[in-house]
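K.L.:
One line per chain: the protein sequences are V and W, in this order.
Residue -6 is where the first sequence starts when you use my numbering, and the numbers rise one by one after that.
Residue 36 is where the second sequence starts when you use my numbering, and the numbers rise one by one after that.
Think of the hints as simulated: they come from the structure by calculation, not from any bench.
Bear in mind that the values here come from a model prediction, so they are computed numbers and not experimental data.
Errors might be hidden in some of the hints.
[As the list claims (entries may be wrong)] Restricting the straight-line Cα-Cα distance to at most 25 Å, the calculated cross-link-like pairs of lysine-lysine (BS3-like) are:
no.: 1; chain 1: V; residue 1: Lys11; chain 2: V; residue 2: Lys50
no.: 2; chain 1: W; residue 1: Lys150; chain 2: V; residue 2: Lys(-4)
no.: 3; chain 1: W; residue 1: Lys84; chain 2: W; residue 2: Lys146
no.: 4; chain 1: V; residue 1: Lys50; chain 2: W; residue 2: Lys146
no.: 5; chain 1: W; residue 1: Lys103; chain 2: W; residue 2: Lys150
no.: 6; chain 1: V; residue 1: Lys(-4); chain 2: V; residue 2: Lys64
no.: 7; chain 1: V; residue 1: Lys63; chain 2: V; residue 2: Lys(-4)
no.: 8; chain 1: V; residue 1: Lys(-4); chain 2: W; residue 2: Lys84
no.: 9; chain 1: V; residue 1: Lys48; chain 2: V; residue 2: Lys(-4)
[Claimed, not checked] Label-pair restraints from in silico Cβ distances:
no.: 10; chain 1: V; residue 1: Thr76; chain 2: W; residue 2: Gly88; range: 21 to 29 Å
no.: 11; chain 1: V; residue 1: Gly35; chain 2: W; residue 2: Ser119; range: 29 to 37 Å
no.: 12; chain 1: V; residue 1: Leu34; chain 2: W; residue 2: Thr90; range: 37 to 45 Å
no.: 13; chain 1: W; residue 1: Pro75; chain 2: V; residue 2: Lys63; range: 39 to 47 Å
no.: 14; chain 1: V; residue 1: Leu34; chain 2: W; residue 2: Ser148; range: 47 to 55 Å
Each residue gets a CB set at the ideal place from its N, CA and C atoms; glycine is no exception.
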Amino acid sequence: DVKVTQSSRYLVKRTGEKVFLECVQDMDHENMFWYRQDPGLGLRLIYFSYDVKMKEKGDIPEGYSVSREKKERFSLILESASTNQTSMYLCASSLRRWGYTFGSGTRLTVV
Amino acid sequence: AQSVTQPDIHITVSEGASLELRCNYSYGATPYLFWYVQSPGQGLQLLLKYFSGDTLVQGIKGFEAEFKRSQSSFNLRKPSVHWSDAAEYFCAVGAGYGGSQGNLIFGKGTKLSVKP
Chain V
-6 DVKVTQSSRY LVKRTGEKVF LECVQDMDHE NMFWYRQDPG LGLRLIYFSY
44 DVKMKEKGDI PEGYSVSREK KERFSLILES ASTNQTSMYL CASSLRRWGY
94 TFGSGTRLTV V
Chain W
36 AQSVTQPDIH ITVSEGASLE LRCNYSYGAT PYLFWYVQSP GQGLQLLLKY
86 FSGDTLVQGI KGFEAEFKRS QSSFNLRKPS VHWSDAAEYF CAVGAGYGGS
136 QGNLIFGKGT KLSVKP
């Protein structure tokens, strides 16, 4: 089975900190994605990448950046964490159009 | 632009009753359609997918979905709901062309509660 691993299940950070969320997949998938999930808003795409060193903005990229130096790893960076970035963050990977495999999510609280 | 609508935010059914969760999509070409389930505090798990062919697709955990092009719908069904089916369900459509190959657009989800 494809595995998508997110390094932390729960994270608490202070306002203004630089935060790194890591995601690793083990099936050589081309595409990787970062979403945030908030009650009533569903999943909103932050950034995605369809190849190493490639990145595309999603619907809500402001305040975030990403890094994909290796095919299996896709990192989400909060440059200066703010309380409105408190959310559940979901990473996913896919092979072209064949559906996503999701990680278990990271629940980030910014205080 | 592609979009997915799940008209029901929250549904409650009794254990053993049948279930239908609605999904309508907007997409110009033949869509790739998916249903995902999310248990509390977890990531999303793929239940089933439709790419082409038979319009009735079977998935895991006893779920099925029917693609109806004329109604732009892809409704999820289960004949008899179990308490463990309580979760949030997401419908998604594939928008995969050009640089965004494999990009999925998700509905806002339907939360399912199951009464004993």
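K.L.:
Now tell me, hint by hint, if it's right for this structure.
P.N.:
Right, here's what the structure says about each hint:
Among the hinted pairs, V:Lys11 with V:Lys50 is consistent with the structure: their alpha-carbon atoms are about 20 Å apart, no more than 25 Å. Taking the CA atoms of W:Lys150 and V:Lys(-4), the gap is near 33 Å; set against the 25 Å cutoff, the hint is violated. Distance restraint check for W:Lys84 and W:Lys146: the Cα-Cα separation of roughly 20 Å lies within the 25 Å cut-off, and the hinted pair is therefore satisfied. Annotation: proposed proximity of V:Lys50 to W:Lys146 is violated, straight-line Cα distance about 29 Å (limit 25 Å).
Proximity of W:Lys103 to W:Lys150 is assessed by CA-CA distance (about 30 Å); at most 25 Å being required, the pair is judged violated. Only pairs whose Cα atoms come within 25 Å are accepted, and V:Lys(-4) paired with V:Lys64 is accepted, the gap being roughly 14 Å. Simply put, V:Lys63 and V:Lys(-4) have alpha-carbon atoms about 16 Å apart, close enough for the 25 Å limit, and the pair holds. A hinted pair counts as satisfied when its Cα atoms are at most 25 Å apart, and V:Lys(-4) with W:Lys84 qualifies at roughly 19 Å.
For a cut-off of 25 Å, the pair hint linking V:Lys48 to V:Lys(-4) stands: about 21 Å separates their Cα positions. For V:Thr76 and W:Gly88, the hinted distance range of 21 to 29 Å is not satisfied, since their beta carbons lie about 48 Å from each other. The hint said 29 to 37 Å for the Cβ distance between V:Gly35 and W:Ser119, and at roughly 23 Å that hint is violated. Restraint check, V:Leu34 to W:Thr90: a C-beta distance of roughly 31 Å breaks the suggested window 37 to 45 Å.
Take W:Pro75 and V:Lys63: their Cβ atoms lie about 32 Å apart, and the range 39 to 47 Å is violated. For the hinted restraint 47 to 55 Å between V:Leu34 and W:Ser148, the CB-CB distance of approximately 20 Å leaves it violated.
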